[in-house]
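Chemist: Turn these sequences into a full structure, and let the hints steer you where they fit.
The primary structure of each chain is shown beneath.
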Amino acid sequence: MNKILYKEQLSETVYLMRIEAPLIAQERLPGQFIILQVYADYGERIPLTIADADPDEGSVTIVFQVVGKTTQLLCMLNVGQSVEALVGPLGAPTHIENFGSVVCVGGGIGIAPLHPIAKALKAAGNHVTTIVGARSKELLIMEKQMAACSDELIICTDDGSYGRKELVTQPLEEVCKRETPPDLAVCIGPPVMMKFCCATTKPYAVPTVVSLNAIMIDGTGMCGGCRVTVGGETKFVCVDGPEFDGHKVDFENLINRLSAYKEQEANHICNLDALR
Amino acid sequence: MSDVLSVKERMAIPPQPMPEQDPAIRRTNMEEVSLGYSAEQAKREADRCLQCKTAPCVSGCPVGIDIPGFIQAIADGDNAKAIATIKYSSLLPAVCGRVCPQEAQCQAPCTVGKALKDVDKAVAIGRLERYVADWERENGLIEAPEVKPATGKKVGIIGTGPAGLTVAADIRREGHEVVLFEAFHKPGGVMIYGIPEFRLPKKIVQQEIDTLLAMGCKLETNFVIGRTRKIVDLLEKDGFDALFVGTGAGLPRFMNIEGENLVGVYSANEYLTRSNLMRAYDKDRAYTPIFDSKKVAVLGGGNVAMDAARTAVRLGAEEVRLVYRRTEAEMPARSEEVHHAKEEGVLFHMLENPKRILADERGWVRGLECLKYELGEADDSGRRSPVPIAGSEFEIEVDTVIVAIGNDSNPLIRQTTPGLETNKWGNIVVDEVGKSSMDRIYAGGDIVLGAATVILAMGEGRKAAKAINEMLAQEV
Ligand SMILES: Cc1cc2nc3c(=O)[nH]c(=O)nc-3n(C[C@H](O)[C@H](O)[C@H](O)COP(=O)(O)OP(=O)(O)OC[C@H]3O[C@@H](n4cnc5c(N)ncnc54)[C@H](O)[C@@H]3O)c2cc1C
Ligand SMILES: Cc1cc2nc3c(=O)[nH]c(=O)nc-3n(C[C@H](O)[C@H](O)[C@H](O)COP(=O)(O)OP(=O)(O)OC[C@H]3O[C@@H](n4cnc5c(N)ncnc54)[C@H](O)[C@@H]3O)c2cc1C
Ligand code: SF4
Ligand code: SF4
Ligand code: FES
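These protein sequence lines map, in sequence, to chains A and B. Just so we're aligned: the first sequence equals residues -17 to 258 in the working numbering. Just so we're aligned: the second sequence equals residues 25 to 500 in the working numbering.
The set of hints was computed from the structure by calculation and includes no laboratory data. There could be a bad hint or two in this list.
Below, simulated BS3-like cross-link-like pairs (lysine-lysine); rule was C-alpha separation at most 25 Å, straight line [what the hints assert, rightly or not]: (1) A/Lys(-15) - B/Lys242; (2) B/Lys487 - B/Lys178; (3) B/Lys32 - A/Lys244; (4) B/Lys242 - A/Lys244.
Across the chosen pairs, the derived CB separations fall in these ranges [said to hold, decoys possible]: (5) A/Glu66 - B/Gly474: 30 to 36 Å; (6) A/Lys159 - B/Ser416: 51 to 57 Å; (7) B/Gln231 - A/Met(-17): 35 to 41 Å; (8) A/Pro75 - B/Ala353: 48 to 54 Å; (9) B/Glu55 - A/Tyr144: 32 to 38 Å.
For the chain A half of the interface with chain B, some residues (derived, Cβ under 10 Å), not all of them [unchecked claim]: (10) Leu5; (11) Arg27; (12) Val49; (13) Val61; (14) Ser64; (15) Gly145; (16) Ile199; (17) Glu234.
Beta carbons are placed, not taken as given, at the ideal position from N, Cα and C, and that holds for glycine.
Modeler: Put into C-alpha cells, the structure is as follows:
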C-alpha cells in the first residue's frame, strides 16, 4: 500500500514524490489534498496538496518542504518504500470555470498546490498570468511546469538571483492595474504573502482566492483544529476549504493559530538534528 | 449455596466496592482507573440479586440483556454460561460494562436499589457484566462466532464505532462478505479516539476488531466514504448489495462566543483525539503535540467534558475547572465519572457560563470571563432552566479552554449522497428497521440518534443488521 514510485529533490528542502494511491488518483480534483502518515502508530497526520495525479499509473504526486519531523521522515524514504497511511482526496475542489483572465500567484512551496489549479484554469480556457516567487534561484520550484500552463510567467526572487528582485505583490499590482484587470486572482503561499496579496488586489476589486494551510488532524471536519475566521464566521479549512475568499480571511488569526506548537515542534527539530 | 439465601440475607450483603487506583497515583498515569471485581467479589455481588420474576432491570437495558439470568450464572460459578447469556443480546459487554450510564439504565429500576432508596446501592449489573467479559478475554476464551457458508452477497459498513462493529459481526455470521470502511488509521470510532485509555483500555476494543477479522471481515482504514469513494459508486460500481452507515456524530459544536478561535482553545474532540488516537500523552514517542497547559477550563457537563478534564489532569495541568451552566443534578455525565473527576481534583463550577474568552497580547488564551446563573422557573418539560444573573461577570485565569458542549452529525455523507433524507439536525432519517430513504442503505448509531450512547448504537446496529440479513436472504 502507498508505495513510493518516484522521488526527486527539487531544491535544498523541497522534494517531489509520486506515491501509489489508485482510488485517490481517480477521484481527486484540483485544490484537494491528502493526509499522510509515515508511521501510523505514533506518527503525525500531515496535510499535503495533491500536486498532480495519474489515474493510469494509480499515483498521486506530492511536493513538500522539509520543515519538521514528519516531512523530515518522509524525505528520508526512498523509491520502493511505503508510507503507512494516505487518506483523501480531502477538501472542497477548486471552482474551475472560464473566468476570462486570471492571475495565479505562488510563493515558495505554495507553487506546488498552485500548479494543478493553474493547469485546470488554463484547460478551462482562461488567459493565465502566473507570478512565482522564492527567496532565491535555488529555492524556486516547478518553473517549467508553471510555464507550461501559463500564457505569461513572471518570476521574482527576494535576493534578485533570478527574475525580478521583488516581492510577488509588485507584479501582482501591475497586473491589477492593466487596462483589463484580471477577473480572478489565486494566491497560494506563506500566510503573510497571501495576506499582502489580498491587500494588493482589494483596491482593484479583483476577487481573490487563497488556500489556507491551517494545522489539521483528521481532515474530515471532526476535530475543529483547523478552524479559521472568515468574514467573522468560524470555518473549518479541511471541509469548508482549503480555499476561501481572501478578502474575508482573518490572516492574523490564521498566523497565530499556526504558531501554537512552534516551541514544541522546534524541539522535534533539535532532536532530529541530533540524529543526523 | 447461594440459592438458599433469603431475601433478607441478600439485602444485607453490602454493595461490593470497585477496586480502583488511588486518585493521587492515577492522576499521573493513563492506566485504567477501575481495576475490576475479584472472583469472590463478583460472586458476592451476584448474591445481592433477588432474581425478581418481573426483572425490572431488563426493561432498563436498551438491548434487553437477561440480567437475572447472567447474574445467577455468576452466583453459580458458571462464568461461561454468564457470558453466553450476555452475548445473546450484546456484542460488546467488556465495553458496555465499563461505559454504560447504568444508573440511568439497567440499575435505575433495580428492586434492590429501590428498596435501599439509593440507585448507587442497586445490584452492580455493569460491574458484573464487565467481570465476566474480562474473565472471558483474560482467559483467552473468546472465540470467533461461526460463519455460515458464503452467500456471494457483499455488504459495506461505513464507520467502525460500536454501531458498525455490531452490524459487521451480525451480517458476517450469515455468510455474507463484509467490508468495513474507516476514515481514520485505526478502527473503533469514539471508543478509540474519544473515550480515554483510563476509562476504556484500547486493547479491549482491539480484541473486538481482531474477532471480526478472524471471522473474515475485511477492513479498509484511511478510507473516507464520500471522498475516497462515494456511496453510489459502492452500490453501482463496486458490487455492494447493501450498505450500513454508522459514521457517528463527529462535528464539534462551539459556543460562538468571542475569543473562541484563540490559540489554546480546543474542541474536546481535538483535545481527546490528540491525546488518545494520536497518543500525544506519550510525549516521548508521539509526534503529535498537545498543549502543556497549566490552568484549564472545560466547558460542559457530559461524559465528553469529564473525559477532557480528566485527560488534562493526567497531561499535567495544575488546575482544571469544569464550567457548567446548570447544577450537578442536571449533568448528563455518568455519576461514576463525576465522582472520579472530583477525586482527581477537578474543580466544579456549577451555575456558571462563559461569556467570552480573553486573549493576551500574542492572541493566546489568558482567561475566561463567566457569568453566574441561577435556576429559574420550571419550563414546559418541568426542568428549571438556568438564567444569567445580570452584572455577575467574573474572570478565571486559564491558559487553555476545552469546549465540550456536544457534537452534531458530520455532513460529509449527506453532502455527497443526493437523495439521502436527513432531518433538520443532519441526522439520517430511518424507518423502524433502520432503513434510510434510499434502497439498500441502512443507518444507525449517533448518525441517526444524535450524540447518544455505545449501547444504543449497538442496539440500532443489531436491528439494522437483522433487516439487512432478511433482505439479502430473500434474494439468494
Ligand atoms: C490543506 C493543506 C495543504 C498543504 N499542502 C502542502 C504542500 O503541498 N506542500 C508542503 O510542503 N506543505 C503543505 N502544507 C503544510 C504542511 O502540512 C506542513 O508543512 C506539515 O504539516 C509540517 O509537518 P512537520 O511534522 O514536518 O513539521 P512540524 O514540526 O509539525 O511543524 C513545522 C511547522 O509547520 C506547521 N505545521 C505543523 N503541523 C501542521 C499541520 N498539520 N498542518 C499545517 N501546518 C502545520 C506549523 O506552523 C509548524 O510550526 C499544507 C497544509 C495544508 C493545511
Ligand atoms: C469523549 C466521549 C465520551 C463518551 N463517553 C460515553 C460513555 O461513557 N458511555 C456511553 O455509552 N457513550 C459515551 N459516548 C458516546 C458514544 O461513544 C457514542 O454514542 C458511540 O460511540 C456512537 O457510536 P457510532 O457507532 O454511532 O459512531 P462512532 O463511535 O462515532 O464511530 C463512527 C466512526 O465512523 C467513522 N467515519 C465517519 N465518517 C466517515 C466516512 N465518511 N467514511 C468512513 N468512516 C467514517 C469515524 O471516523 C468513526 O470511527 C462518549 C462519546 C465521546 C465523544
Ligand atoms: S448493556 Fe448496559 S444497560 Fe444493558 S445491562 Fe449491560 S450495563 Fe446495563
Ligand atoms: S431488578 Fe435488580 S435484584 Fe431484580 S433481577 Fe434485576 S438486578 Fe436482580
Ligand atoms: S482537521 Fe479536524 S476538523 Fe479540520
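Chemist: Given glycine 145 of chain A as an interface hint, is the shortest Cβ-Cβ distance to chain B below 10 Å?
Modeler: Hint on glycine 145 of chain A: violated, closest Cβ of chain B at ~35 Å, above 10 Å.
Chemist: Does serine 64 of chain A pass the interface hint, meaning its C-beta sits closer than 10 Å to a C-beta of chain B?
Modeler: violated, 12 Å
Chemist: Tell me if the straight-line CA distance from lysine 242 of chain B to lysine 244 of chain A falls inside 25 Å.
Modeler: Violated - the C-alpha atoms of lysine 244 of chain A and lysine 242 of chain B are around 40 Å apart, more than 25 Å.
Chemist: Mind checking the alpha carbons of lysine -15 of chain A and lysine 242 of chain B for me, to see if they're no more than 25 Å apart?
Modeler: This hinted pair holds, its Cα atoms lying about 21 Å apart.
Chemist: Would the hint on arginine 27 of chain A be counted as holding, given a Cβ-Cβ threshold of 10 Å to chain B?
Modeler: Arginine 27 of chain A check passes; min Cβ-Cβ to chain B is 7 Å, inside 10 Å.
Chemist: For the pair lysine 159 of chain A and serine 416 of chain B, does the Cβ-Cβ distance stay inside 51 to 57 Å?
Modeler: Hint holds: Cβ distance 56 Å, inside 51 to 57 Å.
Chemist: CA of lysine 32 of chain B to CA of lysine 244 of chain A, is that 25 Å or under?
Modeler: Violated, because 65 Å separates the two Cα atoms, which is more than 25 Å.
Chemist: Do the numbers back the hint for leucine 5 of chain A, that is, is its least Cβ distance to chain B under 10 Å?
Modeler: holds, 5 Å
Chemist: Grab the minimum C-beta distance from valine 49 of chain A to chain B and call the hint holds if it beats 10 Å, violated otherwise.
Modeler: Status violated, d = 13 Å.
Chemist: Given the hint of 48 to 54 Å, is the C-beta distance from proline 75 of chain A to alanine 353 of chain B inside that range or not?
Modeler: holds, 49 Å
Chemist: Taking 10 Å as the limit, does the beta-carbon of glutamate 234 of chain A come near enough to a beta-carbon in chain B?
Modeler: holds, 7 Å
Chemist: For the hint 32 to 38 Å, verify it against the beta carbon of glutamate 55 of chain B and that of tyrosine 144 of chain A.
Modeler: violated, 58 Å
Of the hints listed earlier, those the structure fails to meet are numbers 3, 4, 7, 9, 12, 13, 14 and 15, in rising order.
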